Amino acid sequence: MRVRVPTLLLSLVIIELCSALAAAQPPFAPKVSGPLSQRVVAYQIDAKYDPAQHTVDATETLTYHNLTGHPLDRFPFHLYLNAFQPKSTWMHEAHRDGNFRSSAFESWDPKEYGSNEVTSFEVVGMGDLTRQMKFISPDDGNADDKTVLEVQLPRPVPPGQDATFKIKFRAKFPEVVARTGYKRTFLLAGQWFPKVGVWWNGAWNCHQFHAMTEFFADFGTYDVKITLPKDYVIGATGVTTGDHDNSNGTKTVAFHAEDVHDFAWTADPNFKVIENQFDGSVGTVKVRLLSYRSHKNFWQRYLDALKGSMQRFDQWYGPYPYAQITVVDPPHGAEEAGGMEYPTFITAGTDWYTPRGDHDPELVTVHEFGHQYWYGMVATNEFENGWLDEGINSYAEVKVVDSMYGRNASSLNLLGAQEGDASVLRGYYLPVAETDSLARPSYADMSTHSYGGVTYGKTATMLVSLEALVDEQTLQNALHTYFLKYRFTHPTQEDFLQTVNEVAGRDLNWYWNQAVYGTQVFDYAVLRADSTPTLWYEDDATEKAGETTYETQVILQRKGDFVFPVEVEIKFDNGESTRERWDGKERWVRYVYYKAAKVQSVELDPEHRITMDRNYLNNSYTTNRQTGAIHKIAIYWMLLTQFLAHALSWLV
Amino acid sequence: MWRRRSILWWLFAVNIALGAAGTLPAIRQLDRSLGHSVAGQQLYKGFDVGMFHELVRVPDVGLLRFRITSYAFAALFALFMLVVSGGILESYRQDRKLDSGEFFAASGAFFWRFVQLTVFSLVPFGLIWATYFDVEKASDYLGDKAMADQVGSGLWLFGVILLVLITLFVRLWFDIAKVCTVAQDTHLMLRSAWQGFDFTRRQIRVLLWVYVRISLVAWTAMLVAFLIWTKLPATAIWATLALLELIVLVQLGARLCQLASVTTWYKRHQPLLARDSAATQPQEVTEPAPQLTLYSEADPLPPDD
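Heads up: the protein sequence lines correspond to chains A and B, in order. Taking this note's numbering, I'd label the letters of the first sequence as residues 1 to 652. Taking this note's numbering, I'd label the letters of the second sequence as residues 653 to 957.
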């Protein structure tokens, strides 16, 4: 059949349009429409990835809406990849502290070199300002640190007006280190483009990249096109809006995201794509898992953990409003890229041999999804208040996994050995209990070790302990209120603390002064518990069970300097028990009882809710000897000694 | 080995005694920390890793510092085994129960010679130990290049299995050297070491298979015991103790089996070199020597020297 050319052309256009529409997904869940935030920035990035060189050459158009109320003639930009150079502040701190995540940084490896090189910087209407670029070091004056670039404009951008920046840059990725980089054919592109700082509290907030901090940026929209080899599978923040093949063996994939403050992506020809969905309160969310065949046993584990988290977060705190969540399972050797969060895009991670009873893969998935809320939507300043996202999220992680796997086995449940997630986080905190307060700016913490222990461990531990005072449901309500009130904004630590005070209906500042602003350590002990006959002085005093009256004294001591009301349960040998509540303000307290019964046991915090206590071993006393645990540990210890003896004798 | 099982019981008793002695300081500390505390319930009714970590972490307890005592008593047992090896081998060689005097006389007679052999054996064992790090490096390097996770682990496992076989070879070599020393009552340790190597090399398939088979049986028994252990309730302390001691007994028995096997093999295949003479024949035979089940009758005789 002969078809007339105009009709043929029209048909082709219609087909093309339909394909584009089919490929373009809305950025939000079905019942959500934007804008959800004050969109300060609009990024358009056109990037070309060269896997052989591990580089991305890109052109970035950034439209900055000056909503500050101030004229702005100076703009700082983060160039995070420049941290991976020997003289940077980040590298200096990582080497000084001897570790970052799984890397030791004892010596410099050229493969760890990374960079953001800006080759051209233009402001529309103000010309080429490439020569006006200069590096600044607002935190430590390190002239060799190039993670913050500042540009002085010839004239200010008035309040309410836009500034459009056209930036050409090349990103060179290190072999995967500190969340970003390549490994074999895999790439995780995080913090890869010049990102403008945040105008916050009347000034630019654009810190250098430190080993002890993460990131901070404004909400906006992202339209990113990435050209890469055709056989690569790609995943990114947001949703796919286009995917077409080029004639030179590459393809260009377009992504769009709204009301987010970062954009990350990943690519590998060996990815397997597993698609699923979650039905939440605002509609269906698409789930996209990028993993590998060798991790096939973990696909369902990841999905179960993710959807379990999504369901609980939706129910407890609020809805996840985006159309999609992408989960990346990095390949072996790329563990440094795992356990990280970006808006609508998270990285998890596992070892192929991790058994089911080791909940590490689940924990990291739950944690990173949680960051969609604490950091992704409640976008706190990670440079200054790391605890507001990492710590609150660690607490939420405890709640989620305890709900899924049981409080005492949420981290580990293997061959009879168990451990709860709250206990693990307590274990991070206690070794650094006397170092930094939560309120101290994260980049100024003593070390990466202290940062991790305090930011993650102390926050989670102090919030779990707070449940002993305000109860779990109240704290959940407080987080729910905090989320709904501050999502898509940049709240401060005072905003969070005030919200909890309001929802709890009481002034908890005495608690925050110690737990957040101070470094007081919590340690309560049962110092003494004994019963003596009241008529001890009589010559013919004989004790008769149930008849003789005893004076029982129980002394509790506050060994640490953290003051907190504690409950104590005292049991007697006639079956009676009593509970007392001590405010802990004095150093010790004595309770005295007169009964025809002797004390049998005394236990502080009988429900074991105060995980901040640095020493559980002195929290109780029993008059009868407890031998079960002693015998049990003894036999295993003895076996190990015997086995070692046999092994050594085999060698001789 | 089973005919001389009194040796096994004695070794087991010494092993238990030294194991218990090595454990005592830790038990005393545990008693101070948990003896009147309910904290131990989480370790008794299950095994809370966090609570165990408390015992390690709290400075007043610091449980792991007592492992030094365990190391010391383990080393003492190794020394004990070195001392009594001569008596054990002489007992197997003569295939009769030696009285205490004969046993310790034989132990004393060969002690320093066995010390020399042990020192010689440190060289190949040390080389194997050093090679392990190369295996680890190589498997890490090759695994890093491979797409699949399991490649690196598979290479490591393959390397470790090879090293285990080589370790068994070295153990066998020096066990035969000891047997030669006892059989010939020689003071020429280098010669014994060389003889041991030579015999092992020439009969490697047969002898190594004996050692491998015994080890496999012992480790299989351990695996079965482990599976039983996983089914025991957390509070079944005494059942656990019995099971764990059975594991130790089987391991010790396997080691003695290895020594008995090489002694018997040597006697069978080196009659001209055995020191067995009419003067040292046992006075009475209480039971006929049972058929050895460890070798095939078709085992070839070694070629003449």
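Hints in this document: simulated from the structure, not taken from any laboratory. All figures in this text were calculated on a predicted structure; none of them were measured in a lab. It is possible that part of the hints are untrue.
Which stretches of chain B does chain A cover? Using the computed rule of at least three CB atoms under 8 Å from a CB of chain A, they are [unchecked claim]:
(1) 717-729
(2) 797-811
(3) 850-860
(4) 891-904
Per the computed footprint, the stretches of chain B lying under chain A, defined by three or more beta-carbons under 8 Å from a beta-carbon of chain A, are [claimed, not checked]:
(5) 663-673
(6) 739-745
(7) 869-876
Derived DSSO-like pairs (lysine-lysine); straight-line CA-CA distance at most 30 Å [what the hints assert, rightly or not]:
(8) K183(A) <-> K172(A)
(9) K168(A) <-> K134(A)
(10) K697(B) <-> K296(A)
(11) K598(A) <-> K789(B)
(12) K919(B) <-> K571(A)
(13) K789(B) <-> K183(A)
(14) K134(A) <-> K272(A)
(15) K296(A) <-> K883(B)
(16) K697(B) <-> K172(A)
(17) K544(A) <-> K559(A)
(18) K544(A) <-> K585(A)
(19) K797(B) <-> K172(A)
(20) K251(A) <-> K296(A)
(21) K307(A) <-> K168(A)
(22) K544(A) <-> K286(A)
(23) K230(A) <-> K48(A)
(24) K272(A) <-> K697(B)
(25) K559(A) <-> K883(B)
(26) K697(B) <-> K111(A)
(27) K789(B) <-> K111(A)
(28) K183(A) <-> K797(B)
(29) K230(A) <-> K789(B)
(30) K87(A) <-> K31(A)
(31) K559(A) <-> K485(A)
(32) K286(A) <-> K111(A)
(33) K307(A) <-> K31(A)
(34) K111(A) <-> K168(A)
(35) K797(B) <-> K48(A)
(36) K172(A) <-> K272(A)
(37) K31(A) <-> K485(A)
(38) K251(A) <-> K797(B)
(39) K296(A) <-> K789(B)
Even for Gly, the Cβ is constructed at its ideal location relative to N, Cα and C.
Checked hints:
no., hint, result
1, 717-729, "holds (count 7)"
2, 797-811, "holds (count 7)"
3, 850-860, "violated (count 0)"
4, 891-904, "holds (count 8)"
5, 663-673, "holds (count 5)"
6, 739-745, "violated (count 0)"
7, 869-876, "violated (count 0)"
8, K183(A) <-> K172(A), "holds (13 Å)"
9, K168(A) <-> K134(A), "holds (16 Å)"
10, K697(B) <-> K296(A), "violated (35 Å)"
11, K598(A) <-> K789(B), "violated (64 Å)"
12, K919(B) <-> K571(A), "violated (71 Å)"
13, K789(B) <-> K183(A), "holds (18 Å)"
14, K134(A) <-> K272(A), "violated (43 Å)"
15, K296(A) <-> K883(B), "holds (29 Å)"
16, K697(B) <-> K172(A), "violated (54 Å)"
17, K544(A) <-> K559(A), "violated (37 Å)"
18, K544(A) <-> K585(A), "violated (39 Å)"
19, K797(B) <-> K172(A), "holds (21 Å)"
20, K251(A) <-> K296(A), "holds (27 Å)"
21, K307(A) <-> K168(A), "violated (39 Å)"
22, K544(A) <-> K286(A), "violated (73 Å)"
23, K230(A) <-> K48(A), "holds (12 Å)"
24, K272(A) <-> K697(B), "violated (43 Å)"
25, K559(A) <-> K883(B), "violated (42 Å)"
26, K697(B) <-> K111(A), "violated (50 Å)"
27, K789(B) <-> K111(A), "holds (19 Å)"
28, K183(A) <-> K797(B), "holds (9 Å)"
29, K230(A) <-> K789(B), "violated (35 Å)"
30, K87(A) <-> K31(A), "violated (49 Å)"
31, K559(A) <-> K485(A), "violated (39 Å)"
32, K286(A) <-> K111(A), "violated (36 Å)"
33, K307(A) <-> K31(A), "holds (19 Å)"
34, K111(A) <-> K168(A), "holds (24 Å)"
35, K797(B) <-> K48(A), "holds (25 Å)"
36, K172(A) <-> K272(A), "holds (26 Å)"
37, K31(A) <-> K485(A), "holds (19 Å)"
38, K251(A) <-> K797(B), "holds (27 Å)"
39, K296(A) <-> K789(B), "holds (27 Å)"
When the structure is compared with the earlier hints, violations turn up for hints 3, 6, 7, 10, 11, 12, 14, 16, 17, 18, 21, 22, 24, 25, 26, 29, 30, 31 and 32 and for no others.
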